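S.K.: Heads up: the sequence lines are chains A and B, in that order. Mapping to the working numbering: the first sequence position 351 is 351, numbers consecutive. Mapping to the working numbering: the second sequence position 154 is 1154, numbers consecutive.
If you're looking for bench data, these hints aren't it; they were derived computationally from the structure. Treat the hints loosely; a few may be bogus.
Within a straight-line C-alpha distance of at most 25 angstroms, the following computed BS3-like cross-link-like pairs (lysine-lysine) qualify [what the hints assert, rightly or not]:
| # | chain 1 | residue 1 | chain 2 | residue 2 |
| --- | --- | --- | --- | --- |
| 1 | A | 383 | A | 355 |
| 2 | B | 1464 | A | 52 |
| 3 | A | 64 | A | 52 |
| 4 | B | 1464 | A | 464 |
| 5 | A | 383 | A | 518 |
| 6 | B | 1134 | B | 1064 |
Cβ-Cβ distance ranges computed for the label pairs, FRET-style [unchecked claim]:
| # | chain 1 | residue 1 | chain 2 | residue 2 | range |
| --- | --- | --- | --- | --- | --- |
| 7 | A | 167 | B | 1320 | 36 to 44 angstroms |
| 8 | B | 1409 | A | 407 | 30 to 38 angstroms |
| 9 | B | 1320 | A | 488 | 52 to 60 angstroms |
| 10 | A | 386 | B | 1052 | 44 to 52 angstroms |
| 11 | A | 90 | B | 1324 | 34 to 42 angstroms |
| 12 | A | 409 | B | 1281 | 35 to 43 angstroms |
| 13 | A | 446 | B | 1360 | 34 to 42 angstroms |
| 14 | A | 520 | B | 1453 | 57 to 65 angstroms |
| 15 | A | 167 | B | 1258 | 42 to 50 angstroms |
| 16 | A | 407 | B | 1032 | 43 to 51 angstroms |
| 17 | B | 1266 | A | 365 | 38 to 46 angstroms |
| 18 | B | 1409 | A | 67 | 46 to 54 angstroms |
| 19 | B | 1119 | A | 261 | 39 to 47 angstroms |
| 20 | B | 1366 | A | 391 | 41 to 49 angstroms |
Part of the chain A face toward chain B, derived, beta carbon under 10 angstroms [what the hints assert, rightly or not]:
| # | residue |
| --- | --- |
| 21 | 18 |
| 22 | 23 |
| 23 | 107 |
| 24 | 212 |
| 25 | 218 |
| 26 | 250 |
| 27 | 294 |
| 28 | 297 |
| 29 | 434 |
| 30 | 438 |
These numbers come from a predicted model, not from an experiment. In this text, a Cβ means the ideal position worked out from N, Cα and C, and glycines have one as well.
Read off the chains here:
There are 2 protein chains.
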Amino acid sequence: MFDIALYDSTLRDGAQTEGVSFSVDDKLSIAMMLDSVGVDYVEGGFAISNEKDMAFFKTVAERKFRHARITAFGSTRRASLKVENDPGVAAMLAARTPAVAVVGKSWDLHVRDVLRASLDANLAMIADTVRYLKAKGIEVVYDAEHFFDGYRNNLDHAMATLRAAKDGGADALVLCDTNGGSITSEVTAITAAVVKEFGGCIGFHGHNDTGMAVANTVAAVQAGAVHVQGTVNGMGERAGNADLCQVAPNLQLKLGRRCMSDENLRRLRELSLYVSEMANMPLDDTRPYVGRHAFAHKGGLHVDAVQKNKTTYEHIAPESVGNERRLLLSELSGKATVLAKMEEYDLTHDPEIMKKALAEIQRLENEGYQFESAEGSFALLVKRLLGRERKFFELMGFRVIVEKRGHNEQPLTEATVKIRVPAGEEQLSASEGDGPVNALDGALRGALNRFYPGLNDMHLGDYKVRVINPAAGTAARVRVVIESRDMNDVWGTVGVSENLIEASWQALVDSIVYKLLKDEDRAGDAGVA
Amino acid sequence: MFDIALYDSTLRDGAQTEGVSFSVDDKLSIAMMLDSVGVDYVEGGFAISNEKDMAFFKTVAERKFRHARITAFGSTRRASLKVENDPGVAAMLAARTPAVAVVGKSWDLHVRDVLRASLDANLAMIADTVRYLKAKGIEVVYDAEHFFDGYRNNLDHAMATLRAAKDGGADALVLCDTNGGSITSEVTAITAAVVKEFGGCIGFHGHNDTGMAVANTVAAVQAGAVHVQGTVNGMGERAGNADLCQVAPNLQLKLGRRCMSDENLRRLRELSLYVSEMANMPLDDTRPYVGRHAFAHKGGLHVDAVQKNKTTYEHIAPESVGNERRLLLSELSGKATVLAKMEEYDLTHDPEIMKKALAEIQRLENEGYQFESAEGSFALLVKRLLGRERKFFELMGFRVIVEKRGHNEQPLTEATVKIRVPAGEEQLSASEGDGPVNALDGALRGALNRFYPGLNDMHLGDYKVRVINPAAGTAARVRVVIESRDMNDVWGTVGVSENLIEASWQALVDSIVYKLLKDEDRAGDAGVA
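In isolation and in its complexed conformation, chain A is listed as follows:
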């Protein structure tokens, strides 16, 4: 572990964002991503709150993580129950995670008004719960809810709650600014006072209601905290949580306090984009460090100065967080990313193809394509540019009809697809479906199955739609991303159009072509071996 522990709460606090709803698969994918960039703790959810979170913990228990410790979240025992009989505590144990986060009350007002318990009872609830979980051999992160409000209102009780958790054996004591109402000078002073008393086991968890979550988190570290909590892109209810994509580079590049490897820090923008795609929330272009505009330079003189001496107008090197300088005169976006990706195809030695590929990718990105979660479409694009395209079939046409008769009737959907396979045969195939994309999928497979029986292995995993220019309402351009799976792989494909059906069709066709190519390559390999 580095100087400062990174604790991610995207899957719990981040999932509280209005309009966001992660599936179990989404949560799993995000947990794997967080692990791969070296986050220390991944808080998976509130153990007792709902079945979805428990399903996640069950799935995750069977997975190997390289680095991250999956953490279940729960409250201290209820005032009226013994700890061994408390269902919330039992749920944390049932989650079978290597670490748990136990949240307890620090604010006397809450103890009285919400718990309706005495202050002494609160201390016992904290100590009992932490001690019980520690005795089971689990790492315990103690979250002191409303700590700053509690400290301001009743300093003695707030400090006593930390003492109770510490005496119970808590591994970290996390000061939570739950209402997000604290300003940086308060966080600095209070954290320093706590660190003076408890030493180097203090963490900070901030919300952004004053617009200071990031500054507060960094200030807490300067005051001696060694553990920081936050979410990717600052997801969270109200004004959100501290954004780990800002906290991490500030700690590392501004304070020189290490929380991840330089290599992982260079994946920060990738992490940010990945989570924004999974959450179906467009990443704000103006986001510090990771946003598309974060290192964009406008105006001739300015751009000239940047060219002369980068440090004159850039506070850090954009590459250190996986972002890049954009000179707005030349719309040259994505070049570094594209170059890095193309390297995977050994194309960097061919400058002619590189140039062509860059131009084509930029054209597509301007139209709204994104290849971050569509490696399948990217691979097909590269093959096409290399002239290594394979025509498995040719589309002659399709027709989709959705018809509804009467207010309470379910609509009927029917798709017809006409294709030509290389042998020259025309295939006309029709299918009903639960919806237009499902019907098209059925009809296309109906036409292809006889020639490519391998398609039976493959099924579509996820289907995502994102409006690209929402100002245009229902006439807006949409991007569809489809995730497909077979026994060995998962691949994403993308389509863009003003027409939802056309965008879906593009992604659908790419997913099938990628599968056919993949099978052919495997067959080829097998033949050689």
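We have chain A already, so just place chain B on it with the hints.
M.R.: Coordinates of chain B only, in the frame set by chain A:
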């Protein structure tokens, strides 16, 4: 004037935001709005940079402002020119504003590499320019560009530039974190050192590249600054400027340092929404203080506690910044949330309807509906449960055809809708569209417009699709959320189905019915008054 002067740069730095372009009229409207909420300085633009800014200054010179001082921005004279011959300085005079902001270099690196002048020449340029403008009877705000970088690199020169401006007669010395790379502890220390030397004429201008612009601005005031610069909604290039809509309430409600009247502070959300409309940039819902989510509460227990004691979960009273508490409905929400929400409809006194409503909402949530961003559908649901449903039209049927002929052709989309309006007439209407939802929208409006001309005011804002059970692939159930707007309101509606078209149709119909109901209610109110 209050304790702290508010200096707004929305029309200059804010206008640098990528994708934003204000007309002269836009700038004038925003200036009037800023004046009406009591902002002290309104920076109108870079006097010499373009004709649009000069046209603005010309128009504005003929206007009376209640409170705000319009300010023209420009640079210190060039190294090679006398101040009276410098075209930039002449342009500032030509703007005929009561105040000017003169920007000069503080960072020795820039003096050498960008100006290619000696440090002494830089000091003379600053002193000359300020003295010349002061002699014309104009208030001079001196902006020390890159002050923090300059201070770190060559403290003596940075301080000498401030001395030159002060000796020239500058009314305020503004420390600019131009690259936005400073963190709060640095701003605190450096501002305090400057205040110690120069006393109470120091200002701060921050950019948000570390995500700390707001915290830095507030920290500067705590260190003795008495003048703060920023933009509405943090508009600005890269990661933006300090957001005055966060700075002002923090100063006033957290530090007790007054910068505007309480009455004007209650117009903060209005100001934020107004500028976001003018800039055609949707206001981020998660914006602290002014965002739609800033005081939204999710989760049963939490909502229960908010009802019991508001201060337990709210860091300030939402009304003090013109915002409001919102109780959200969500999968994590228990009975308490729904109950609180229903109170808005005065239903809590009827336990029978309450019970029915709760059961219905739970049934719909289990099917995949979500009402947190679909207040419109929720309102219609409540009306339906109360038997207060209004039948504006009845669907007899619809048909959507999407047809593509050949791989490279764009598909054609056509929708037919058959409805019956209360008068008993059947309406059959057809429309083409960019996609199936757009075509359905067109056909439905075509059938309704003659009867409900109010629909012309309304347009669809955003369209979101979410797959609810992605494991089922293209047969998965989808949730569609549509956001609609008219001149007065924004409302969300939701539809759920395995068929994307059907789900879109439900959300579309709800959005139209909600609009018709709303207009009817308004007409009713007008009739009574």
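S.K.: With reference to the structure, classify each hint as holding or not holding.
M.R.: Checked hints:
At most 25 angstroms may separate the alpha-carbon atoms for a hinted pair to count; residue 383/A and residue 355/A meet this at roughly 15 angstroms. Proposed proximity of residue 1464/B and residue 52/A is supported: the alpha carbons are some 22 angstroms apart, at most 25 angstroms. At roughly 20 angstroms between alpha-carbon atoms, residue 64/A and residue 52/A fall within 25 angstroms of each other, so this suggested pair holds. The suggested pairing of residue 1464/B with residue 464/A holds, with an alpha-carbon distance near 10 angstroms, which does not exceed 25 angstroms.
With a CA separation close to 12 angstroms, the supplied pair residue 383/A and residue 518/A stays within the 25 angstroms bound. Pair hint residue 1134/B plus residue 1064/B holds up; C-alpha atoms about 23 angstroms apart against a cutoff of 25 angstroms. Against the hinted window of 36 to 44 angstroms, the Cβ-Cβ separation of residue 167/A and residue 1320/B comes to about 41 angstroms, which satisfies the hint. With their beta carbons about 34 angstroms apart, residue 1409/B and residue 407/A fall inside the hinted range of 30 to 38 angstroms.
The hint said 52 to 60 angstroms for the Cβ distance between residue 1320/B and residue 488/A, and at roughly 58 angstroms that hint holds. One distance hint, 44 to 52 angstroms for the beta-carbon pair residue 386/A and residue 1052/B, holds here, with the actual separation near 48 angstroms. A beta carbon spacing of about 39 angstroms between residue 90/A and residue 1324/B agrees with the range 34 to 42 angstroms that was offered as a hint. For residue 409/A paired with residue 1281/B, a C-beta distance near 42 angstroms keeps the hint of 35 to 43 angstroms intact.
Taking the beta carbon of each, residue 446/A and residue 1360/B are about 40 angstroms apart, inside 34 to 42 angstroms as hinted. Between residue 520/A and residue 1453/B, the C-beta spacing of about 59 angstroms keeps the proposed range 57 to 65 angstroms intact. Our hint of 42 to 50 angstroms for residue 167/A and residue 1258/B holds, since their Cβ atoms are close to 45 angstroms apart. For residue 407/A and residue 1032/B, the hinted distance range of 43 to 51 angstroms is satisfied, since their beta carbons lie about 49 angstroms from each other.
Between residue 1266/B and residue 365/A the beta carbon distance is about 43 angstroms. The supplied range of 38 to 46 angstroms therefore holds. For residue 1409/B and residue 67/A, the hinted distance range of 46 to 54 angstroms is satisfied, since their beta carbons lie about 50 angstroms from each other. Taking the beta carbon of each, residue 1119/B and residue 261/A are about 41 angstroms apart, inside 39 to 47 angstroms as hinted. Look at residue 1366/B against residue 391/A: about 46 angstroms separates their beta carbons, and that is inside 41 to 49 angstroms.
A least Cβ separation of about 5 angstroms between residue 18/A and chain B falls short of the 10 angstroms threshold, and the interface hint therefore holds. Interface hint at residue 23/A: satisfied, since its Cβ lies 6 angstroms from the closest Cβ of chain B, which is below the 10 angstroms cut-off. Interface restraint check for residue 107/A: the shortest CB-CB distance to chain B comes to about 8 angstroms, inside 10 angstroms, so the restraint holds. Against a cut-off of 10 angstroms between C-beta atoms, the interface hint on residue 212/A holds, since the closest Cβ of chain B lies about 4 angstroms away.
For residue 218/A, the interface hint holds, the least distance from its beta-carbon to any beta-carbon of chain B being 6 angstroms, beneath 10 angstroms. Contact between residue 250/A and chain B, as hinted, is supported at the beta carbon level, the nearest pair being about 6 angstroms apart and thus within 10 angstroms. About 5 angstroms separates the beta-carbon of residue 294/A from the nearest beta-carbon of chain B, less than 10 angstroms, and the hint is met. About 8 angstroms separates the beta-carbon of residue 297/A from the nearest beta-carbon of chain B, less than 10 angstroms, and the hint is met.
Interface hint status for residue 434/A: upheld, as the beta-carbon distance to the closest one in chain B is roughly 4 angstroms, under 10 angstroms. With a least beta-carbon distance of about 4 angstroms to chain B, the hint placing residue 438/A at the interface is held under the 10 angstroms criterion.
The structure fails none of the hints (numbered hints given earlier).
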